[in-house]
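Asks: Just need the whole structure built from these sequences, with the hints factored in.
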Amino acid sequence: MSTIADIQNEIVAEFEILGEDRESTIFYIMELGGTLEPYPESFRKDEYTIQGCQSKVWLVAEEQEGKVIYKADSNTDITKGLISLLIRVLNHQSPKEILNADLDFIPRIGMGNILGSQRSNGLAAMMNQMKRYALAFQTKQNA
Amino acid sequence: MSIQVNSIRSLFPILHQEVNGNPLIYLDNAATTQKPQAVLDALTHYYEKDNSNIHRGAHTLADRATRQFEETRESVKAYIGARESAEIIFTRGTTESINLVAKTFGAKYLQKGDEILISTLEHHSNIVPWQMLCEHTGAILKIIPITDAGELIWEEFEKLLSSKTKLVSIVHASNALGTINPAKRIIDAAHAVGAKVLLDGAQSTSHLDVDVQALDCDFLAFSAHKLYGPTGLGVLYGKRELLESMPPFLGGGEMIREVTFEKTTYNTIPFKFEAGTPSIAEVIAFKPALDFITSTGKANIHHHENDLLQYAVELLQDVKGVIPVGTAAEKIAVFSFNIQSMHPFDVGQLLDAKGIAVRTGHHCTQPLMQRLGLEGTVRASFAVYNTRAEVEVFAQAVAKIASLKNK
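Note that the protein sequences, when read in sequence, are chains A and B.
Just so you know, the first sequence maps onto residues 1 to 143 in my numbering.
Just so you know, the second sequence maps onto residues 144 to 550 in my numbering.
Think of the hints as simulated: they come from the structure by calculation, not from any bench.
Derived, one-sided and incomplete: chain B residues facing chain A with beta-carbon distance under 10 Å:
1. 485
2. 492
3. 548
Backbone N, C-alpha and C fix where the C-beta goes; we use that ideal spot for every residue, glycine too.
Replies: Here is the structure:
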């Protein structure tokens, strides 16, 4: 199993290949959105949406054998792509690793610059919510 | 006379830049227009030479600043055809102008059971102040419905009008769809039942001839920054007799005649409604913006912008996946649309990657979006400095994005 740092490095390398062209970077992110696993419809409810995103985002997580499994969806393709990156980095990691993770791939791939402040805020809200799930599972594990 | 668009563009320094590696194509003019050099120069000149507080200074700078400030009031008066400059009140923007009327006209004239009419097309700034007033007074807010094309349903408006109607507050041109409402007809119909009319001119005043005497509107609200002028400045026009009868809005300096701890008497209009130090630099710099529009000619501007709109419609009407939103017969140069199976936000971001600035979302008209069954739209809005070549680049970019999901 790759570490969070390894996966982030992989993503950074992939985005380096894309170069500076903003349009192709966005197209690529949108394509990544298409690779997201289908979101379970029973969790498509307001209580699973994330506040702070202009686009709608649903996120749910479960614990399997000490690892966290996230599922998420959005009504915009770019956001779906970003979610798929976050899930790729954090899925199947332990709550502890997720809580300690320094998610630096976002600035390293220049995403803040590409996304603008609205989506960046949404992305931050998404990461916070993912960490909150991890914290909940960790608390449960330690109980 | 037609528009010499290249010479006009040379007056706007901000247009001459690249964004994300492409020449900037600024199509977010309904949100705010860019400023000609003369406006920028006036701002700088004021702070370099004339900065001073207005109206009571006993020195030369204060006198210069006051004179220029009041010259703008004269220009605004002429621009909208008001009887006298005392009917021109400077505010922070359209939103504040409408709130001022809601608070002061509302306090004086609205009672429980009275009715205020607005339309489905309204911007939140022409909805929320009335909701707040209704909550406060027990007055009732009634909504004029629209057709799918985005036009008022006249018969429904007539049905809603009654002796209970105290105010019709209506948008002259819709920011989200571009629909031009028949202002004169609305005003006459409202007056026939004894109601007053506030015209929200935020979008219309830069594109259309808006003459308050010809229209006979009771109030007109608009913002300088949508007329090539500075931000943070708006105008409220009101008929003298109404303004005089209304209580003040904010209390403070400037708006008083005499203050004692027992009783304060208020200044005359317009100063009664201009408490505190106003946006002096912005007011002064608004005059060259109005001069720019006047010298270019409203009719020329409208003709040019309409040509751009028609061109955009022509280039995009048969593109698979492009869905125009708002197809009223009379429109200002706003092209609102969606792309099948795509979120407007994504479309906006892809256009931005090409240096094309548009607005996406609900455009502060959530009830309108709900009526149309949409989450939002992508909105391109044109101004006098936009070109047919820009429209072509925009249309090509939209067509490319549409092809992603609409093979």
